[in-house]
Structures are given as C-alpha cells and as structure tokens.
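Undergrad: What follows is the residue order along each chain.
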Amino acid sequence: MGGLYVNRTRLILVALVVVLACALPFVLSSYRVFQFNMVLVYAIVLLGLNMLTGFNGQISLGHGAFYAIGAYVAAVLMDHWGVPYWVTVPVAGVICFIAGFLFGLPALRLHGHYLALATFALGISMPQILKYKGLEEWTGGVQGIVILKPEAPFGLNISQDQWLYLFTLIIALVMFWLAWNLLRGRIGRAMVAIRDHPIAAEAMGIDVAAVKTLTFGVSALYAGVGGALGAIVVQFVAPDSFVALVSITFLIGIVIGGLASISGVIYGALFIQFVPNIADEISKAAPWAVYGLFLLAFIFLAPAGIAGFVRALWARLTTGSTRKKRAAQTQET
Amino acid sequence: MPILEVSGLCAGYGASDVLHDVSFSVEQGGITTILGANGAGKTTVLRALCGMLRSARGSIVLDQVQVNGKATESIVRLGVGHVPDGRGTFMNLTTEENLRVGAMTRRDKAAVAADFERVFSYFPRLKERRHQQAGTLSGGEQQMLAISRALMLNPRLLLLDEPSFGLAPLVVQDIFRIMRTINEVQKVAILLVEQNASLALDLASTAYILETGRVVMSGPAHELREAESVRKSYLGY
Amino acid sequence: MEAFLHQVFSGLANGAIYASLALALVMIYQSTHHINFAQGELAMFSTYLAWAMINAGLPYWAAFGLTVVASFFIGLIIERAIVRRVADAPVLTVVVVFIALLVILNSVTGWIFTYTIKVFPSPFPEEPLFGPYISSHEAGVVGVSIFVLVTLFLFFRFTPLGLAMRATAENAVSSRLAGIRTGWMLALGWGIAAAIGAIAGMMVAPIVYLDPNMMSGILLYAIAAALMGGIDSPLGAVIGGLTVGVLENIMGAYVVGTELKLTVALVVIIGVLIFKPTGLFGRSFVTRV
Chain Y
3 MGGLYVNRTR LILVALVVVL ACALPFVLSS YRVFQFNMVL VYAIVLLGLN MLTGFNGQIS
63 LGHGAFYAIG AYVAAVLMDH WGVPYWVTVP VAGVICFIAG FLFGLPALRL HGHYLALATF
123 ALGISMPQIL KYKGLEEWTG GVQGIVILKP EAPFGLNISQ DQWLYLFTLI IALVMFWLAW
183 NLLRGRIGRA MVAIRDHPIA AEAMGIDVAA VKTLTFGVSA LYAGVGGALG AIVVQFVAPD
243 SFVALVSITF LIGIVIGGLA SISGVIYGAL FIQFVPNIAD EISKAAPWAV YGLFLLAFIF
303 LAPAGIAGFV RALWARLTTG STRKKRAAQT QET
Chain F
20 MPILEVSGLC AGYGASDVLH DVSFSVEQGG ITTILGANGA GKTTVLRALC GMLRSARGSI
80 VLDQVQVNGK ATESIVRLGV GHVPDGRGTF MNLTTEENLR VGAMTRRDKA AVAADFERVF
140 SYFPRLKERR HQQAGTLSGG EQQMLAISRA LMLNPRLLLL DEPSFGLAPL VVQDIFRIMR
200 TINEVQKVAI LLVEQNASLA LDLASTAYIL ETGRVVMSGP AHELREAESV RKSYLGY
Chain E
183 MEAFLHQVFS GLANGAIYAS LALALVMIYQ STHHINFAQG ELAMFSTYLA WAMINAGLPY
243 WAAFGLTVVA SFFIGLIIER AIVRRVADAP VLTVVVVFIA LLVILNSVTG WIFTYTIKVF
303 PSPFPEEPLF GPYISSHEAG VVGVSIFVLV TLFLFFRFTP LGLAMRATAE NAVSSRLAGI
363 RTGWMLALGW GIAAAIGAIA GMMVAPIVYL DPNMMSGILL YAIAAALMGG IDSPLGAVIG
423 GLTVGVLENI MGAYVVGTEL KLTVALVVII GVLIFKPTGL FGRSFVTRV
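Chains as they are written, first to last, in our numbering: chain Y, 3 to 335; chain F, 20 to 256; chain E, 183 to 471.
Extracted from the complex, chain Y is given alone in its bound form:
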C-alpha cells in the first residue's frame, strides 16, 4: 500500500511535480498545452477508476459511460441554458455520483467477470443512448454539441489554452487531495479490506454493500468531473467520442500506471494520451499493432505497473545510498 503515507522526501517530490505542472503551459506550444490538459483530465478519471477497480476490486469496463455523462451534462448546460463552464463541473460530478451509486446497487450482485460484462454493456450502450431520437433535442443526436472555449477571468493576461490548463490543474489537485484523504482514512481501509477479504471485512463490521455502492458513486463522480472538463477542453461532444474503446483505454491506463496506486494514474494518463500518438508516428499502416506491442512491453517490463516499477527502482536507489552511507560511517569509526 505504498503512496499513502507522508514523509519529507515524498512531500518535496510532490511539490516539485506541482511546480513543474504549473510551469508547463508557459513553456510549451498551445497544442502541447492542450495535450497535457487532457493528461490532467484523464488522470482525474483514472483516479476514480483506480479507487473502484484497484482499491475496491470491482472491475469496471464501462467507465467511459460516466465520462460521457459528465461531458454531456457540461455541454448541455452550457449550450442550452448558458450555465458558466465552472458551474458545470460540480454539477456533472453530482449527477454522475448519483448515476454511479444507482448502477452500483445491482452491481453488488455481480462478481469478477460478470461485473466486467455488466459494466462493459453500459459502456457499449452509451453511444447508442446518446444517439437516441427522443433525446436529440438536448444531445444534438449524431452531430453532438459544439461549445465555446472560456476566456481567462480577472483580466489575466494568458491565453485561453493556458487558462483552461491551469483551471483543470487546480481541480485535479483538489480531486487528488480529496482522494488521498479518502483512501488513507477509514473508508479507504474498508475498501481495501473488502477487495482482499470480503467475508472477513463483513465479519469486522464493515457495511460491505454501503462501501461498495459508495465507492461506485465516488468513482463515477471522478469520471464525471473528468468528462465535464474534457468536454470544455475539446469544445465538442458527440456520441462517437464515447465508444466502448474509451472505457477499455481507461482500464489500460490504471493497469499500466499501477493498480491501487495514486501516483500510478498520472503515469497511466501520460500513457493513454501519448503512446497512441507515438505508435501512429512509428507506423502509419498499423498503428494499433504498435500500440499493442507497447502494451505487451510495459506489462512484461513493469508487471506491477509503472508506479510499481518506479517504487522498486526508488527502493534500490535509496538502499544503495544508505549502504554507501553506512560504509562511509564504518570507515570513519
């Protein structure tokens, strides 16, 4: 259960990453800023999925559906009622929390592969529901909805892309802080206990059903917040942006990044944002084959995800240095 305790080195590292993340939009081209903005969006979604699947052990192959709901809530609110973009984010989160909680109730009866199938069905049906004629007035049907990019507030002298990036970064930091607090507390321990020993957890007095459905809700909330931010960043939503592949990509993200790891979702987000581009550059003819080979390579080289790999590397480096220190001390004495 690495990644949940505090120490000075870790704090310094986190601070460094945050400073670096703040500096990014001022040194990169606006297209790169957009790409990193999407990394932040994915990181939020993956964080939610990792709570559900990594920490709580409920497999979801359908998180793209909650991502889609979040995106559409934001788009419809802005397009139809002229709601300011920053209001749509929490609204999308709340609506997805309810949706996730409701879906979590029947999901209680399903385990392992059965739950995977049920969630996958949700992911598959989402584009079909979004195309549904009866909802076309709001969803815009196959055409989708185009939304406008917000201006930087308070007369800040930065571009729209830079502002959106910073806006996303602030929300991402808040979401990470909340997740970190949730996971290292009583509920987080209950989530892990349910994953590892469901019967023992129940015997210990944990309300398994409540924790599982709550986790589903919170996880969907994260996906919804990510979806809303994603819609604002891309400025466009359409049913075909939310095919089942999106859900699978999210699952790939948490596995490659590292299951049940908070820092892992950042690596995972970087992977799902950039590796398809790299694959495309390597082979225009069969980019997905290259992507698949990347997946295999990462799984074989870092079976516990990139976070696990980094942790192992870090452990080796630090024990190496303490050994050197010890050696130096013994020479002195």
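Heads up, a few of these hints could be off.
Unchecked claim - Away from chain F, derived, C-beta distances all over 10 Å, residues of chain E: (1) Leu-187; (2) His-188; (3) Leu-336; (4) Ser-357; (5) Arg-363.
What the hints assert, rightly or not - Okay, derived cross-link-like pairs now, PhoX-like style, lysine-lysine, Cα gap no bigger than 25 Å in a straight line: (6) Lys-443/E - Lys-458/E; (7) Lys-135/Y - Lys-300/E; (8) Lys-300/E - Lys-133/Y; (9) Lys-286/Y - Lys-300/E.
Treat the hints as calculated values from the structure; they're not laboratory data. The C-beta atom is built at its ideal place from N, Cα and C for all residues, glycine as well.
Fit chains F and E to the given chain Y structure using the hints.
TA: Same frame as chain Y, but now just chains F and E:
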C-alpha cells in the same frame, strides 16, 4: 544403496526458509519416516523433493540421478509417486478416471490393467465406487484413492504426506496395513511423513525427527521408539 | 408466423456460432480462469487465412481444413510465447495482455488484407434444402456446430489426452504429480480453442461479410452466452449461445429494431445474471474464509 539421498536441503516459501540443511536417505525397498509436529516442515520436505518449490537448494539424488531443479512432472516420471497433503483428488472425475490419470504416463496397457486389479484388491471399496464422482467419496475413500492413484504410476518410491490425517482409527490401521503389503509385495520404497509417531515407527525401519526445519534426531525406528525424548514428545508416555 | 419461425431458425444458426465461440472461451476459462478477449480477433484472423487460401485457388474444404490446423498452431504458439509469461499475474494484467493481442491481430489483419469488406463463400448450396424457414447455409452452420460439439465431447470423454486436459483444468498440481506436462495441456487448450474459433469465423463470415471488425459484436454475444450459461460449463455455453442467438434476433425484429438490439440483449442477460449470479448452469461459489 539408497534410492533417495538428500543432503543439505534448504527450502521455503517467499523470502524465508522453512527447512535448514536437512539430510536423510531412503533405502532401496525400505521404509523411512520423517516425524515432526505441525509446522515442523514435513510437507515442505516432500514438496521440495518433487520440484514444487523454486527456493529449494541442496542435493537431491534419486537412484543416482540428480533431480534438483527438474520440473515436477519430470521427477514424477522417474518413478516417484507422491500422495500430497489434502489428497489432491480430482473431484469432478470418477474414481476410475482418477486412476487413469495416475497411469497417464504409462504405455504398457496390460500392466496398467493388472495394476487396476491390484489396487482394487487392496481397496475393494474403490471398485464399488468405480464410476462414482470422486468428490462424493468419504475422506477415507479419498485417501485410498490418492494412494492408489500414486500406485498407478508404478512408482519405485512412494511419498506419503500424513495419510492418517483426519481419518477414523480403523481406517488408518487399514491403510497402514496395506502400505506394508505394498512395500513387501511390490518392493516399493516408502518415505512417510507423519504426526502419528506410534504408527509410523511401527511401519518404518528408519526414522528422522524434524523440529522447526532441522533434523534433530535420526536412527533405526526401534531405537528412536525407545529414546526417552521421543517417547515424551511424540509418543506421549 | 412464418416470418417469426424464420427469425427463430436464423437465430439458432447465429446462436450455434455464438455457442462455438463461447465453448472456446469456456475451455480457456476452465483451465486458466481468464476470459480470452482476443478469441474473436483470433477467429477473424483465421477466417482471413481461409479467404487467402480460397483466393489462391484452393478448394473450399481444403482451405477449411488447413485453416483449422494453422489456427490450432497459432493458438498454441500464442500461449507458449505470450500468455504463459503472465500466468501468475493479476486478472487485470492478463486482461490488458488480451486487449493488446486483440488490437495487434486486428491491426495486422487490416494492414495485410486492408479494411475493405470482402465476400466470403459459403460451402453450402444457395437454394434452401430444408424447407422455407431456414437457408441452406444456416442449416449447414447448425450441422457443422453440432459436429464440432460432438467431436469435442468424444475427445474429452474418451481419449487419454482429453482426460489429461480435464485433469489439468481441474487440479494442475495433482496433474503434475501424475506426470502430466500441464504446460503443454494449457497450450493444447489454446490451440483447440483457436481451431474452434476458426470454424465459427468461417461459418459466420458468409453472413456478416469479412472485415477486420467482424467478430467484435459476435465475441460480445459469445462472452454473454458463456457467462449466462455459467462460465465453467460447456453445456451451459451451448445453451447460452443458442438462447442469445434467438433472443437477439427476435428482439431485433419485433421489439427494438437493429440499432439497439445489442444493448437490449445485454441488458436482458445482465438481468438474468442479477437473479442467477453464477449463470444458469454454473456451480455456485464456495468461498473459504
């Protein structure tokens, strides 16, 4: 000339070792027993012998062939019948299918047919339950099936992991009687790992005592039976 | 009524294909407890092999036989080279490996054969030989599927190799202690599953046409069928496959139209699973504390 000679065996699960420098041997056609309390490492010894533990180090020589590092199935094919703890019954297969799995590596059809008759003569109950799913057999019957399955391999060495475990005393006596027959008639060497020291010392000619992964005492079975420390700790009088 | 009967029969034909693929999934699940998400793409790749052979001038049944044999070895090699390495990995890691295989097979096929839709021949005559409700191809599909099922049943029931594979699936440790080379048994399982998939692919291709994405929907139905029947039950897979096939056709024709039929079929299946969480024929969970 021992059929099995083990020296300096260390093995365990994960990072820590359960066995430390264990040495023993089984004579050709002889019966050796390893006694020890729960958790002494008896099952670990048998697992290490059969290549089921990657951590195993030391020398294991089976009839002049060095077997450490070999795959389980290759060691088994050299003529080692292993009756594992928990019996390893194929619950969804019938009794007969279980026995056929035991004879899977053999090509001599006539001899296999004869062995079928032989184990059925040892354990007539199995013949009655021939076409029944093994999962429906009683504990004693499953133990008989596990021994029979190992015998179907036509082994030169039989490894038995606590055959008395969880069985009624009468059934246990029956099983031990048949093991003696197997040893005398078929000339199969036996390595028996047991908690029930009294029965094991009656059957075996050589005995070793294992405590927390180390051999603390060894010798002819009748001598160990007389030793005061063994009497107090393992025989209870 | 005639139209209804026709829907039922063509549903049975589709269902026979789902059943075959579901059976392939169950085979791999029984021995490894993983659902092979790449099973459909493997079948699709095999079908392209058959297409290439037929295009090169081979008679249909020769191409059919060669494809089945080639697919067997492809399955075997994939297990030995890739799947084996993650044998002890967590479920989700294995899922990602299967997804990787899926996209690689899909992409490589598209690259070699292009993404344009191709016509795949049926070995069965055009005129309906079995009455007005079922085409010859549909009847042929059902016949071939029954043949495959019976062959598999005989293989597993009455051959020593079949027994060794069943033993390995049930208890790998005990099987090794009986001298069975369990690693090869798993590889063999993959080979046979790939061969079954190839047959399913060649049977469905004349109906859905040949393209690299042809199996995605079919795989989903097959997974649903396997789960509905109880993922560890071969009989359940067959009955599940036929049920899903008929259900899908009737839903599509009379209830919701073709657009939403996938969704509705899945919702119905999940509804079943919620009330019968281990499937219709699955063993109930026994959990040890």
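Undergrad: Quick one: which hint numbers does this structure break? Sort them smallest to largest.
TA: 4, 5, 7 and 8
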